[in-house]
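Residue-level listing of the chains:
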Amino acid sequence: MNVVEINNLSKVYQRNKALDKLSLTIKTNTITGVIGRNGAGKTTLLKLIAGYLKESTGEINVFSKRPFNNLIVSSQSVFIDDNMYFPESLTLEELLIEGERFYENWDKAFAKALFDYFSFDPRAIHDHLSKGRQSTFNMIFGLSTRAPLTIFDEPTTGMDVSVRKDFYRVLLKDYLAYPRTILLSSHHLDEIEHLLENVLLIDQGRHLLHLPIDDLKEYAVGMTGEKTKVEELIQGKQIIYKENTDSNMMFVVMKRNIDPQVLKQVGISVKPIRPSDLCVYLTKDSKGGIDDALKYE
Amino acid sequence: MLDMDGTKPIYIQVAEWLENEILNGQFNENEKVHSQYTLADMFNINPATAAKGLNKLHDDCVLYNKRGLGKFVSEGAKEIILEKRKNETLKGLIQDVVIEANQLGVDENELLLMMKESLEAFKEDEK
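Residue numbers (our numbering), protein chains in the order written: chain U, 1 to 297; chain R, 298 to 424.
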């Protein structure tokens, strides 16, 4: 069963194409990491799924319904980001009461336990909290909804390391106890990869990869060796990334389809590429790195 | 317990951890092993990754399925694990040694001698 089904979806703002003919599906009760650079289209995609934005062209279905302005989709999903707007006239305690009124699966005891653990003042006003405290409250709100589709867009903005760790831990534990479909966007794949079942990598509004995290770990290898030898080896093969490390050495990243023993014998060293690094290589501009943009003598 | 930054896939590490538990006698033959959810909680990983580790051991015949009850340790699991490690891990390590020796120009006699010395040093330590 799929919670989200997207076909040829595009979203255009003025002249700017934020999403470009995206197609994908999200399976029920999985945790998917949505990864990409700034401006890749992550937030646009998540807001379209949550029904906050209207698609330009293409098809999007969430719980088999078009999400835009749909109350059923709204009641079954929650969208948490660092710009969440809560009415200023309500205290944090009152916001939790409103959450309980709207979300049918809301867990009051769970919300209270987290609220106390993170030492929130029930009479505080959301707008007066620091960025990190707002994110922490939003996280509590998002998890307490137990919404069948829970979307976190960069949820840890401003949180310190220990709160981030707590957040990821409680997310996993609550998911184990109450399975639901979770979408989690982040710049930091390293921090969240242990939580994920699948990774969706998007770049410039298109989807580059959508795979189980375990497959992503074994997707590519990095090879370093003498330039001539490496060039011979990669001839006719598709390369993800290539760099001259010095005048006669070369580093390339490519899909894992060569026997590492063979490479070792010709003196090319092989190392696995971590998923976070792979995402960086896959989304790199063809312009070269920061070193090429600035010329120091 | 698991090496998250390591190069070894997490599900392989979960499978190896369970194998070690079986070798150490923490789980005996025909005893139920942890579920994917218990493993996910223990190691702070996604349950699908934990399931993949369990399935690998099932494919290797170290575990068997009881429908609706979970996974259990096969009879002869210890022997299967030891045999597998000999054939995969140890052979791979030896192959690496041979390649390295070849690159350094260490010949057969010298390599065997080094192996012997290492073995003897190990026996000394054992005493």
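What the hints contain is simulated information worked out from the structure, not anything from laboratory work.
Here the structure is a predicted model, which means the values were calculated and not measured.
Built from N, CA and C at the ideal position, the CB exists for glycine as well.
Mixed in with the good hints there might be a few duds.
As the list claims (entries may be wrong) - Quick partial rundown of chain R residues pointing at chain U, CB under 7 Å, derived from the structure: (1) M301; (2) I309; (3) E313; (4) W314; (5) F324; (6) N327; (7) K329; (8) A348; (9) I396; (10) A398; (11) G402.
As the list claims (entries may be wrong) - Here are the in silico distance ranges between beta carbons for each label pair: (12) R:V395 with U:N105: 56 to 64 Å; (13) R:N341 with U:N2: 26 to 34 Å; (14) R:A418 with U:D285: 32 to 40 Å; (15) R:M412 with U:N2: 49 to 57 Å; (16) R:V395 with U:K173: 31 to 39 Å; (17) U:P122 with R:L320: 50 to 58 Å; (18) U:Y178 with R:M412: 34 to 42 Å; (19) R:V394 with U:V12: 54 to 62 Å; (20) U:R169 with R:T386: 26 to 34 Å; (21) U:T245 with R:L410: 20 to 28 Å; (22) R:K305 with U:D285: 47 to 55 Å; (23) R:S415 with U:S119: 52 to 60 Å; (24) R:G373 with U:S64: 47 to 55 Å.
Checked hints:
1. M301: holds, 6 Å
2. I309: Since chain U brings no Cβ nearer than about 9 Å to I309 (chain R), farther than 7 Å, the hint is violated.
3. E313: violated, 15 Å
4. W314: violated, 15 Å
5. F324: Interface hint status for F324 (chain R): violated (21 Å vs cutoff 7 Å).
6. N327: The hint is violated - N327 (chain R) has no Cβ within 7 Å of chain U, the shortest such distance being about 27 Å.
7. K329: violated, 18 Å
8. A348: Violated, because the Cβ-Cβ distance from A348 (chain R) to chain U comes to roughly 10 Å (cut-off 7 Å).
9. I396: holds, 5 Å
10. A398: The hint is violated - A398 (chain R) has no Cβ within 7 Å of chain U, the shortest such distance being about 12 Å.
11. G402: For G402 (chain R), the interface hint is violated, since the closest Cβ of chain U sits about 13 Å away, which is over 7 Å.
12. R:V395 with U:N105: 56 to 64 Å: holds, 59 Å
13. R:N341 with U:N2: 26 to 34 Å: With Cβ atoms ~27 Å apart, the hint holds.
14. R:A418 with U:D285: 32 to 40 Å: violated, 53 Å
15. R:M412 with U:N2: 49 to 57 Å: The hinted range 49 to 57 Å holds for M412 (chain R) and N2 (chain U), with Cβ atoms some 56 Å apart.
16. R:V395 with U:K173: 31 to 39 Å: At 47 Å between Cβs, range violated.
17. U:P122 with R:L320: 50 to 58 Å: Holds - the Cβ-Cβ distance for P122 (chain U) and L320 (chain R), about 53 Å, lies within 50 to 58 Å.
18. U:Y178 with R:M412: 34 to 42 Å: violated, 55 Å
19. R:V394 with U:V12: 54 to 62 Å: holds, 59 Å
20. U:R169 with R:T386: 26 to 34 Å: Since R169 (chain U) and T386 (chain R) have Cβ atoms about 32 Å apart, the given range 26 to 34 Å holds.
21. U:T245 with R:L410: 20 to 28 Å: violated, 37 Å
22. R:K305 with U:D285: 47 to 55 Å: At roughly 32 Å between Cβ atoms, D285 (chain U) and K305 (chain R) fall outside 47 to 55 Å, so the hint is violated.
23. R:S415 with U:S119: 52 to 60 Å: holds, 57 Å
24. R:G373 with U:S64: 47 to 55 Å: holds, 49 Å
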